[in-house]
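Build the full structure now, drawing on both the sequences and the hints.
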Amino acid sequence: MEQDAQLVQQCLQGDGSAWEELVRRHTRRIFNICYRFTGNRTESEDLSQDVFLRVYRTLASYRSAHGGFATWMTSVTRNLLIDHYRRTKRDRATDSLDDKMAIVENKESAGRRPDEQALLGELSGQVQAGLTKLSPELREAVILRDLQQLEYIEIQRILAVPEGTVKSRINRGRIELARVLQQMGVRPS
Amino acid sequence: MTPKMNWICDQTEARLSDYIDDLLTAEERAAFVAHVPTCERCGPLFASVAHLVTNLHSIAEVEAPPRLVYAILNQTLGPRETVTGWPALRRWFRGLATMRFAYGALSLAATFLVLLTASGFNFRHPKMADLKPVTIYRKADAQAHLVYARGTKFFSDLRVVNEIQSRLRENVQTPVNSEDTLPQNVPGKEPGSTDGSKPGPRQQNRADGIYRNLEVLADELPVFTGVYGGRRTR
Numbered sequence: 000m001e002q003d004a005q006l007v008q009q010c011l012q013g014d015g016s017a018w019e020e021l022v023r024r025h026t027r028r029i030f031n032i033c034y035r036f037t038g039n040r041t042e043s044e045d046l047s048q049d050v051f052l053r054v055y056r057t058l059a060s061y062r063s064a065h066g067g068f069a070t071w072m073t074s075v076t077r078n079l080l081i082d083h084y085r086r087t088k089r090d091r092a093t094d095s096l097d098d099k100m101a102i103v104e105n106k107e108s109a110g111r112r113p114d115e116q117a118l119l120g121e122l123s124g125q126v127q128a129g130l131t132k133l134s135p136e137l138r139e140a141v142i143l144r145d146l147q148q149l150e151y152i153e154i155q156r157i158l159a160v161p162e163g164t165v166k167s168r169i170n171r172g173r174i175e176l177a178r179v180l181q182q183m184g185v186r187p188s
Numbered sequence: 000m001t002p003k004m005n006w007i008c009d010q011t012e013a014r015l016s017d018y019i020d021d022l023l024t025a026e027e028r029a030a031f032v033a034h035v036p037t038c039e040r041c042g043p044l045f046a047s048v049a050h051l052v053t054n055l056h057s058i059a060e061v062e063a064p065p066r067l068v069y070a071i072l073n074q075t076l077g078p079r080e081t082v083t084g085w086p087a088l089r090r091w092f093r094g095l096a097t098m099r100f101a102y103g104a105l106s107l108a109a110t111f112l113v114l115l116t117a118s119g120f121n122f123r124h125p126k127m128a129d130l131k132p133v134t135i136y137r138k139a140d141a142q143a144h145l146v147y148a149r150g151t152k153f154f155s156d157l158r159v160v161n162e163i164q165s166r167l168r169e170n171v172q173t174p175v176n177s178e179d180t181l182p183q184n185v186p187g188k189e190p191g192s193t194d195g196s197k198p199g200p201r202q203q204n205r206a207d208g209i210y211r212n213l214e215v216l217a218d219e220l221p222v223f224t225g226v227y228g229g230r231r232t233r
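One line per chain: the protein sequences are Y and W, in this order. Counting with numbering that gives the first Met the number 0, you get residues 0 to 188 for the letters of the first sequence. Counting with numbering that gives the first Met the number 0, you get residues 0 to 233 for the letters of the second sequence.
Derived by calculation from the structure, the hints in this document are not laboratory data. A virtual CB, placed ideally from N, CA and C, is assigned to each residue, including glycine. Misleading hints may appear alongside valid ones.
[Claimed, not checked] Reference excerpt, derived from the structure (chain W facing chain Y, CB under 8 Å, subset only):
#	residue
1	Leu15
2	Asn54
3	Leu55
[Said to hold, decoys possible] To give an idea of the interface, some chain Y residues facing chain W are shown, with a C-beta separation under 8 Å as derived from the structure:
#	residue
4	Glu19
5	Val22
6	Arg23
7	Thr26
8	Phe30
9	Glu44
10	Asp145
11	Leu176
The structure is reproduced here in structure tokens:
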């Protein structure tokens, strides 16, 4: 965490290698958040690039006193994901719920590479399919808490909502996801 | 003394994650524990959510594509220096001098060699005609038949040898009555001396059996001919 703050300082002084180090340290985490949120690798790659581009441009606005760099970066990621969700909402709104589910499934099977298809048979793939059926508020809460394993206080900072709302969203997200997985026929192993 | 809390299903459901994440007070925890096992609705719900959380924590992160880092760096720091001309060629050749490439090339060469050998290619007197597909096919076909015939002969020989061995073993294991074989005390004769009498019928049968087996062996395997040939009938 301190290392990140130091690297940010070096970046601000024009050190390219410090920025490269920051990118290498956080790419995987950011890509994972994007992938779990969108369920699509190509979109996640594009979104991850957008996140880093925005972070690079607004790096001077980061204050280490307000929290860790990772939390700040996750907050930027979350805002971009919500923007992306709103932008693509119109495409989804025209479809009924059943159609939407069918599209999600078709997109998953058509847009995925063979290794991703193999993953679908496993828990990770099943959870991914279940996550895409949650509302964005519940989805992001579950991703941050259970997949990124962040503390409640960090999630509170990232989502910029009161603690009670964070708790409620995490709880509802988990219950909803458990129900969705049950409907998909995923049995507890 | 504080009154005991009694939770209803809605309360329990709302605090499910607080229980899982250990955010309940001792009193709330007691109320939760008192309600869930006895409730038909909350029991299975708690089990499925608790199981889901455990599974979610065990899911590994997805690997980001390696090109992503370079794409981000290109977008932020600008395109990196590209090498062209001789330096690029030198770098390309340097890439070939790796163990990974060496192993790959070696295994490819070995595969090619095995395929050529199997197709009957003559390495001592190589001809261009030998590399024609028709020739390769014919030679490979002939080789395959030859290998099949040799294999059949080998297994046939094995079968014969095995049969002979089992017959010999049978004869060795045949119980022989000790009374028939042990020398009897004959008055006036010293032990070990012979009287020129013929062996008993059982002993004679056993000897005949061994010779019969050796005859079969001599018939099947030429190396035995001459050793036992004196008793061969053919």
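To see whether the hints hold, each was checked on the structure:
| no. | hint | in the structure |
| --- | --- | --- |
| 1 | Leu15 | holds, 6 Å |
| 2 | Asn54 | holds, 6 Å |
| 3 | Leu55 | holds, 4 Å |
| 4 | Glu19 | holds, 6 Å |
| 5 | Val22 | holds, 5 Å |
| 6 | Arg23 | holds, 6 Å |
| 7 | Thr26 | holds, 5 Å |
| 8 | Phe30 | holds, 4 Å |
| 9 | Glu44 | holds, 6 Å |
| 10 | Asp145 | holds, 4 Å |
| 11 | Leu176 | holds, 6 Å |
Of the numbered hints stated above, none is contradicted by the structure.
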